[in-house]
Amino acid sequence: MRTVEAASLEVSGVELAFGSNKVLRGVDLAVPAGQTACVIGPSGSGKSTLLRAINRLLEPDAGDVKLGGESVLRGDADVLRRRIGMVFQHFNLFPHKSVLDNITLPLRKIKKLDAEAAQAAARAQLELVGLAHKAGARPGNLSGGQQQRVAIARALAMEPEVMLFDEATSALDPELVKGVLSLMADLAEAGMTMVVVTHEMGFAREVADQVAFMDHGVVVESGVPEQIFDAAESARLRQFLSQVL
Amino acid sequence: MDIWSTLSDTFLDWESMKAVLPEMLKVGLVNTLILAAASVVLGTLLGMIVAVLALSSKRWLRWPAKIYTDIFRGLPAILTILLIGQGLSPITRHWWGPNPYPLGILALSLIAAAYIGEIFRSGIQSVEKGQLEAARALGFSYTSGMRLVVIPQGVRRVLPALVNQFIALVKESSLVYFLGLLASQRELFRIGQDAAATNGNLSPLLLAGIFYLLITVPLTHLVNHFDKRLREGRPVESEDVELEELAHANR
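So the sequence lines, in the order shown, correspond to chains A and B.
Counting from 1, one number per residue, gives the positions in the first sequence under UniProt numbering.
Counting from 1, one number per residue, gives the positions in the second sequence under UniProt numbering.
Don't read these hints as lab results, they were simulated from the structure.
Don't take each hint at face value.
[Unchecked claim] One side of the interface only, derived from the structure: several residues of chain B facing chain A at Cβ under 10 Å:
(1) Gly130
(2) Ala135
(3) Ala137
(4) Tyr142
(5) Val149
(6) Gln153
The C-beta atom is built at its ideal place from N, Cα and C for all residues, glycine as well.
Next comes chain A alone, as it looks inside the complex (with noise of 0.2 Å):
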C-alpha cells in the first residue's frame, strides 16, 4: 500500500432527522490524520447516518464536519466527496460496466484523465488489492469478497483523504471476511485517515486508533480500544459488548 495524504476529520455536534424521526442527536467524532476510527454499536443507532453525514450523501441540520481543519458544509458537497472515499455493505460497483470500467469512469469523468493515464491508475490500483486479473470481468462474475475489493480499489483510486466504510464485511460469506479486513487493516497501516462503521469488534479492538460507541444517535463512549472493550464506563456499552462478544 502506497503512503497517503490524509487529512484529520472532525465532527461536531451534528444532528439529523428524517421527518420527525432523529436519527443523528449531537454526535462527536475527531479522527486526528491518519488514524482510524471504528464506529460500532446496535442497528439504528445512527451510525450509517453518520458517515452519510460526513460526505453529504445527507445534509446534517445542525453540527459542522471539518476535513483538514475547514467546514466542509458551506462548498460543493460533489467537490467535497472526490476528496472522501466510501466503501458500502452492498458494494454498489456498476453491473453494466468492467471491473476496470468501475474504476476508469470516476477517473476520466471527474478526475478528467485521459483514456490511457486513467487506465493505468486503475490497473495499479487494482493491482493493490489483487484483482488485477480481474479488470476485464463484471462485477457479477466476481465473488463478494472481490467485489468489495474492487469498491475499496474504485475509492481509492480517486485518491482521497478520509475513507469512509459502512459495514464493509456485513454482506459477505464469512470465508470472505478476513481478505477484506486485511486491506483495510493496510490501507490503515499506510495512514489513511479512516472512519470505519463495523460489527467486526476484533478488526476494531486491533486496528483503531480509536473505538466510538454510538447509542440513539449519539456517542456514547469513545477511547482506545483497551478503555473500550476491558474498561467501559457506561452500563449501555458494557450490555452491547456482552450481546455481541
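Got chain A sorted already, so can you dock chain B onto it with the hints?
Frame of chain A, contents of chain B only:
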C-alpha cells in the same frame, strides 16, 4: 359453391396480389418504415424526457409528466391522430403544405412517448438506490450519476418492453391513413385496402398483413433475445471470465 373456393377467391387471389406487389414494396413498405422509424426515434426521445420529469423530486416537474401520460395513454390512438393531424394542419400547412406525414408522425410519437416514458420510468426506478449513492459518493453530480450509472442500467432492463412498444408503433402507423394520403404517401395498409376495393377481394390486404409480419416478427424475436440475455446474462462474456479464472488458477 363450396367454402374453400369462396375463401380462396377472397384471400388467395394470386393475380391481384402480384399486381399490387411492386407498389406494396416500393411505396407501402417504404412509407410504413419511414412512419414507424421516425415515430420510434421521436417517441423514444420524448419518452426519455417524460421519464426524467416523472422521476424528478420537484412536484411541478412531476405533475405535467403525469398528466401527459394519463392523457395520451388514455385516449384511443385514432382520436389523438385525428385531433392532431387535422386540428393542427391549418397552422402547419404554412410550413410544409397539406402533407399529413409530419403531424401523423408527431401524433404517433406523442402517443408512444406516454407509454415509453412509463417504460423508462419503471426501468430507472428499478435500479437499486445504492447505485446513485455510490456514484454520488465518488463525486458525480445527480445529473451525471443518473446519466452515466442509473439510466443505462434502467434502459437495459426494459429493452424487451421497449421493443414491444416499437412493434405497436409499426402497427399503429397504419392509422395515419385517416389523415388522407397522396398516392405516393400511402403505406402498407392503405395500398392493400385500395387494391382490395378495386379488385373486390381481400388478397391485397392479406399481402399487406404479410409485410407487417415481416417487420414485426423479427422484432418479437429481438424481444425474446433481450429477455433471455437479461435473465441469463451474456453467455459469451461469462465464459470468458471462467476461462480467465482457470488460467489464473493454473498460474
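Cross-check of the supplied hints:
1. Gly130: Because about 4 Å separates Gly130/B from the closest Cβ in chain A, which is inside the 10 Å limit, the hint holds.
2. Ala135: holds, 8 Å
3. Ala137: holds, 4 Å
4. Tyr142: At about 9 Å, which falls below the 10 Å cut-off, the nearest Cβ of chain A leaves the hint on Tyr142/B intact, so it holds.
5. Val149: holds, 6 Å
6. Gln153: holds, 5 Å
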